[in-house]
Amino acid sequence: MSASQDCPISAVRASGFSSRRGFLAGLAGTFPGLALTDLLGRDGVLSGGHLHHPPRAKRVVQLFMAGAASHVDLFDYKPRLEKEHGKQWDPGEGVELFQSTPGASMKSVWDFRPHGKCGKALSEIVSPLGEVADEIAFVHNVVGKTGVHSQGTLLQTTGFNRPGFPSAGSWVSHALGSENDNLPSFVVLPDHRGLASNGTKNWSSMFLPAEHQGTVIRPGGETPIDDLFPRKNAEYITPAADRAGLELLGRLNAGYAAERAGDSRLNARIRSYELAARMQLSATEALDVSKEPQHIKDLYGLAPEGPGVDDTTINAKAETEFFGRKCLVARRLLERGVRFVQIWSGNDNGFPRRNWDSHEDVKRDHGPLARGMAVGAAALIKDLKQRGMLDDTIILWTTEFGRMPCAQRGVGRDHNPFVFTNWLCGGGVRGGVTHGESDLWGYKPLDREHPTQVYDIHATILHLLGIDHERLTVRHDSLDRRLTDVHGHVIREILA
Amino acid sequence: MKFGRPTIFGLVLAILAPRIAFAIPAALDPLTVLEKNCVSCHNAKDHKGDVVLDRAPVAVETPKAIVEAISGAEPEMPKDRAPLSAAEVAALAAWVKDGAKIPAGRVLEDRHVPGLDWWSLKPIPTQQGMVPDPTLFNETEKGWVRNEIDAFILAKLKEKGLKPSPEAKPRVLARRLFFDLTGLPPSPERLAAFEKARAADPEGAYRALVEELLESPGYGEHWARHWLDVARYGETHGYDKDKPRPNAWPYRDYVIRSLNDDKPWGRFVREQIAGDTLYPGDPDGIVALGFIAAGPWDFIAHYEVGEGKLDGRIAKHMDRDDMVSAVFNAFMSTTAQCAQCHNHKFDPVTMEDYYRLHAVFGAVDRADRVYDLDPGAQQRRERLSVEIGKLEAALKALDKRVTDAGGAELAELRDRLRLLRDKGAGEVKKSPEHGFHSQIVNRPDAGKWVRIEFPEPVSIREVVVIGAHDDYAGIGGGFGFPVRYRVEVADDAAFSENVRVLADRTRSDQPNPGIVPLTFPAEGVTKARAVRFTATKLAERKNDYMLALAEMRVLDTDGKNRAAGATVTALDSIEQGARWGAKNLVDGRFPTGGDPEATRELAALRAKETTILDRLNTPEIVDERDSLNEKLAGARKELGGLPEGRMVYAAATHFKKFGNVAPTEGKSRTIHLLRRGDILAPGDEMKPGAPPMWEGSAAEFPLPEGASEGEARAALAKYLTDAKNPLAWRSIANRVWLWHFGRGIVDSPNDLGRMGMEPTHPELLDFLAAKLRDDPGQSLKSLHRLIVTSAAWRQSSAENAAASAVDAGNTLCWRANRRRLSAEELRDAVLSVSGKLGREMGGPSFQDFVIEKPEHSPHYEYELHDPDDPKAQRRSIYRMIVRSRTQPFLTTLDCADPSQMVAKRDETTTAPQALALMNNPFMTAMAGHFAARVKDAPSPTAAAFEIATGRAPRPEEAGALAEYGKRHGLANACRVILNLSEFAYVD
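So the protein sequences, as listed, match chains U and Y. Residue 41 in my numbering is what sits at position 14 of the first sequence, and the numbering runs on without skipping anything. Residue 716 in my numbering is what sits at position 435 of the second sequence, and the numbering runs on without skipping anything.
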């Protein structure tokens, strides 16, 4: 509510804080000289020289494999499983699985071979990433809390395994703001076939201001951004009527504001319409990949038939088009100043599978999805590098948990929240390294006392962005909330 | 912030009787002193000031510094609480002298319990003598004061040298009143009538309007929205799959009804915690329990995983945490959830207190329950539902015994079957027209039939039946193909003449043929007019049963398919789009393909499976199954004979088991204190209780031996409405103030504790709290009346630079706060001015989305919804609230997120809001309707302006709008008007 009507435009946002998301006291105390000079989301609470330390990176891409991608079939090579393949798997302790009881040990569906100077062994299905293996830091000992999709997904996207907390992207947007007035600072590219577990909760701003919630963009869709333009069936809205209408609206609203001097919100509202008009142009331009040269489209694996490519039966060509196009759009958004892009591979965990929840058949689902992901992700890394942007762009690959080293009904795998893989690259991450190992089977961390948790991944990303994860706090319901709760250690071993 | 001197601390401890012994033991153990006073900050994790005192080796510059920090007249430590007693200081001094040793391996736990010396924990006095002395005010000021509220406000303003603002203009005030009390805009006619009435009696007209609005149904509809924000009310589960809750809405209607009826606040609270126990026989007592169940629920973790597994127990713990948090945040404005892993660091809530609250909810789950039957019938229904669930579980267990007895052979065979089915599933070719599908029933023995009728007699050679294929529940081929069935022919369509059985497969369970056609020879059948397929034991779909077939072919002696295009009738049928429909049975379309070899193997394996099962089903097992089935049939019959009643999604203890969610039948789960909140580190067993937050309240409820779980909830309900409870009454009084003024007297409405904000007008808050508490009717409407008739509320919202210089945030209430309409108010106002707002109250929620793929994870597709659908043109309070995909238009406008408790709405201004208000299909459609509504007015644009803003446009505004309307059409002009700041804001 209107805490003040005479303050500069910034006061409105400050007053937003004093509502349900808690007052600013803790925050202001943490960041003296806090300057909220822009109403509409450009500035974050740490922008303008208030970072905690010099940053290595400016922006983040989060690649999320919905349904739980199998680490042992993609990135985490386990020769032991080849040896024990087909024999009853026995880790020597009781194992409680989500759906099944442990079956036979099951080797990777695909062969592994070394890549790059670092010689990292990668599965054949993700071999396109081999060309950039020297850019990537793999973390093979990430642990979750439970084997439930919804909780695991929220844990990775928000740092908490229950709803009610802002997405990592919202935190970054809140801290750093956008580099572009005319585009949102946090963009989400969901799988067009459906939202993953928890839906929009994975990019909600919750108790952070609404402008930090992820803006959904559906590249190639009929309406890539909700309400960017009127629908076609609103025929009466001609371009001329729209233009003149905005002009008239601006005048009438200016009159209303003038009579109520001192209420900055009313001027901000006028500006929001101007900004909206500019966003129509910038967003349209940013999403238009048609002018990209052919070799770039080829790099990202775009299909000649475009987003309408046939995926009646899951296939690598379509998956590559879908994921590659998102990666290409992500690059264009990052170039234009978007701070955080979240890209999803995989829908809700329904059937036929267009997600990574391969209980039935790893090869059938993981094959096309992994190939599409690898082509798109490798292209994004190479393309950012050739544009000089990889140095200050962090890419995080994650998923809600991994999959078991044993088979489920012969050729599928059940959930494994006990250990799985994340990888990071760019933005101050040391490439070509592996930090933290899983055990012989990829069942649990090799060193069970010292696993990596999502808090550590988030702390590391914030650190690279110039943020001390313990000092980025907002008071909500009595607690100074952090992305990393009360946990988290920067993983120094993977810093360049 | 420091506590009082030791004397006050002592007093506090005396009040908190149960904790005295704990607080000051006879001989002080230095480690206990550390645990109580130091380690909440100086632990290995937080290591405040680089000091670690919770384990060896102690980390501090010099141990002596510890003693220095806690000694002296104004000791440096502890920072946020009372200084240590002399005895405590002495104990630590001795410990330091002794080398500051902590035994190796021991980690000291934080045992600090904050005291009751906090403003919100002080008793609320009675109203008498609270109001500021009128002699404080001069004559002008006395003239301004309309009621007690104004005296409190004015006294504070005077302290700061401020003056209240003048009263807002009548039309402004009336529009404010409409939105504030009903969330809807006034019509120009109503405003005109108000002005007319004012001419005769200004105050009388105003008060009459207040009464009119408080008595209008719109009041409850609007204020229910406030409460449902706090109640985190939603109509889907959230989390994974996000299934709908079709029976959640009765709780929403209950809130509206209770507010409109001005139900005493205490009763309203008690009903929502334990209405079933406290008010037996009153449907509201059950419906109200929707509050406990209103929050998100992890369907997969409860239904699919269940408490038999660790993940399921973790989920159940989180589920209770949601209930405990909701109750304490909503009714007490206390963040009890902070005591899950350690004692609350700031407020007097220990871990024990927190887990005692878990014990209060140890027996309840979230489920549908009947609410409107007489208690006898209700109990019988609940008992039978539970029994049926148990019998079904027993049958399942029996099947499992059989399966287990089948050992590796059966398991491998079934694995192979699944594999073959999965393999086939990818390659099967099928048309969108799947076939015939009966209605779904909840038991396998409900007979179903489908019949093909020929226009003329037919000589039949054979009947071919082909199973359907659907991936639902991973079934694939043979979807819905019955386990027992028969095929018959007759010489008439009514099946009365010359009925002959072609195949009788009703005596034993049959292997599922998948999509392999089954052929039934019909030697010698002539003159047949109908063929009937009857299922006597239905296929299981997913905890339910139905009959489905892709195709039936009836070949005559010439080999011609006479079924093609014949009439199909059935006992019942689901007609769902192209996919399922009776006529699909004879449309020549059926699934084909699959690997022919795999298909043959599949059929062979299924036959083998049947043979194995026949062997395993020993006579004893068959008897047992028959007996269970008989009991089940009996229970179902009895249940069928009872009135059905209506259902509400609420806290429940007696319901039919669904998935792995079994009813507790009122027997509480054993609740342990969980160290560090870790389910794998259980401590003592906890009994129901609540934090002792005032004198005389005990930590554990004094329940008699063998008390029911409902009595535990009833004890909590009484605790939450106890006249001595200092928080409950302040909490609601503060919320009401917030919802009227846009700012709370305490502006952290869910937290009146030490981490919350402090009240700007503590005496006023106490006055309002006491007024509500001590009012025999505990009437919220009385509070509204007092507030909206106060001079404070009636002030203008205009700026005053001088006042702003002193109090920019208007915390002292020297003017009214201009506010933007909430998301729902704005939507309702758009509907209202466009002439499209339906005012039907209550009932199932409207959906402003289309649900796709309902069978697995419903996709809530708002983009596909038609804004001209009249069913959705109702007040937003009746909207079906989805958690996994919040309504995009309203979310942009700062609508509350149903996955968290929202005590106060945000008010952001963003570019996406502008885009949504200009371009959202709802807005563009309503602009069109708005235009149609005013098109016949003498000056349509001026009429639209007045309807939207409550005032006639000034000449220059009218001119510009008319000009624009002339050039671009009335709809475009209305689109502009719906985007006016003046429409979106209330002065």
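Hint data in this document are derived by calculation from the structure and do not stem from the laboratory. All C-beta atoms, glycine included, are put in the ideal place defined by N, C-alpha and C. There could be a bad hint or two in this list.
As the list claims (entries may be wrong) - Derived CB-CB ranges, DEER-like: (1) U:K110 / Y:L897: 53 to 63 Å; (2) Y:T891 / U:A131: 25 to 35 Å; (3) U:G76 / Y:A473: 33 to 43 Å; (4) Y:T891 / U:G335: 16 to 26 Å; (5) U:H516 / Y:V388: 11 to 21 Å.
Said to hold, decoys possible - Okay, derived cross-link-like pairs now, SDA-like style, lysine to any residue, Cα gap no bigger than 25 Å in a straight line: (6) Y:K681 / U:G130; (7) Y:K1117 / U:G335; (8) U:K172 / Y:D959; (9) Y:K1247 / U:P478; (10) Y:K1247 / U:G272; (11) Y:K450 / U:E362; (12) Y:K444 / Y:D1055; (13) U:K134 / Y:G424; (14) U:K390 / Y:P451; (15) Y:K889 / Y:K590; (16) Y:K1134 / U:A261; (17) Y:K671 / Y:A436; (18) Y:K444 / Y:S1085; (19) Y:K1216 / U:G272; (20) U:K114 / Y:E693; (21) Y:K1134 / U:N294; (22) Y:K626 / U:G335; (23) Y:K711 / U:R391; (24) Y:K1216 / U:I252; (25) U:K471 / Y:K590; (26) Y:K823 / U:D495; (27) U:K259 / Y:A692; (28) Y:K326 / U:D495; (29) U:K172 / Y:H623; (30) Y:K450 / U:A281; (31) U:K471 / Y:K444; (32) U:K134 / Y:L961; (33) Y:K823 / U:T500; (34) Y:K710 / U:N294; (35) Y:K360 / Y:N419; (36) U:K390 / Y:S1085; (37) U:K409 / U:F378; (38) Y:K441 / Y:G424; (39) Y:K444 / U:A288; (40) U:K172 / Y:L961.
Hints, one by one, checked against the model:
| no. | hint | verdict |
| --- | --- | --- |
| 1 | U:K110 / Y:L897: 53 to 63 Å | violated, 37 Å |
| 2 | Y:T891 / U:A131: 25 to 35 Å | holds, 28 Å |
| 3 | U:G76 / Y:A473: 33 to 43 Å | violated, 57 Å |
| 4 | Y:T891 / U:G335: 16 to 26 Å | violated, 46 Å |
| 5 | U:H516 / Y:V388: 11 to 21 Å | holds, 19 Å |
| 6 | Y:K681 / U:G130 | holds, 19 Å |
| 7 | Y:K1117 / U:G335 | violated, 38 Å |
| 8 | U:K172 / Y:D959 | holds, 11 Å |
| 9 | Y:K1247 / U:P478 | violated, 70 Å |
| 10 | Y:K1247 / U:G272 | holds, 12 Å |
| 11 | Y:K450 / U:E362 | violated, 52 Å |
| 12 | Y:K444 / Y:D1055 | violated, 32 Å |
| 13 | U:K134 / Y:G424 | violated, 87 Å |
| 14 | U:K390 / Y:P451 | violated, 72 Å |
| 15 | Y:K889 / Y:K590 | violated, 34 Å |
| 16 | Y:K1134 / U:A261 | violated, 28 Å |
| 17 | Y:K671 / Y:A436 | violated, 66 Å |
| 18 | Y:K444 / Y:S1085 | holds, 11 Å |
| 19 | Y:K1216 / U:G272 | holds, 18 Å |
| 20 | U:K114 / Y:E693 | holds, 15 Å |
| 21 | Y:K1134 / U:N294 | violated, 44 Å |
| 22 | Y:K626 / U:G335 | violated, 56 Å |
| 23 | Y:K711 / U:R391 | holds, 20 Å |
| 24 | Y:K1216 / U:I252 | violated, 33 Å |
| 25 | U:K471 / Y:K590 | holds, 19 Å |
| 26 | Y:K823 / U:D495 | violated, 50 Å |
| 27 | U:K259 / Y:A692 | violated, 57 Å |
| 28 | Y:K326 / U:D495 | holds, 16 Å |
| 29 | U:K172 / Y:H623 | holds, 20 Å |
| 30 | Y:K450 / U:A281 | holds, 21 Å |
| 31 | U:K471 / Y:K444 | violated, 68 Å |
| 32 | U:K134 / Y:L961 | violated, 32 Å |
| 33 | Y:K823 / U:T500 | violated, 46 Å |
| 34 | Y:K710 / U:N294 | violated, 61 Å |
| 35 | Y:K360 / Y:N419 | violated, 44 Å |
| 36 | U:K390 / Y:S1085 | violated, 68 Å |
| 37 | U:K409 / U:F378 | violated, 34 Å |
| 38 | Y:K441 / Y:G424 | holds, 20 Å |
| 39 | Y:K444 / U:A288 | holds, 19 Å |
| 40 | U:K172 / Y:L961 | holds, 12 Å |
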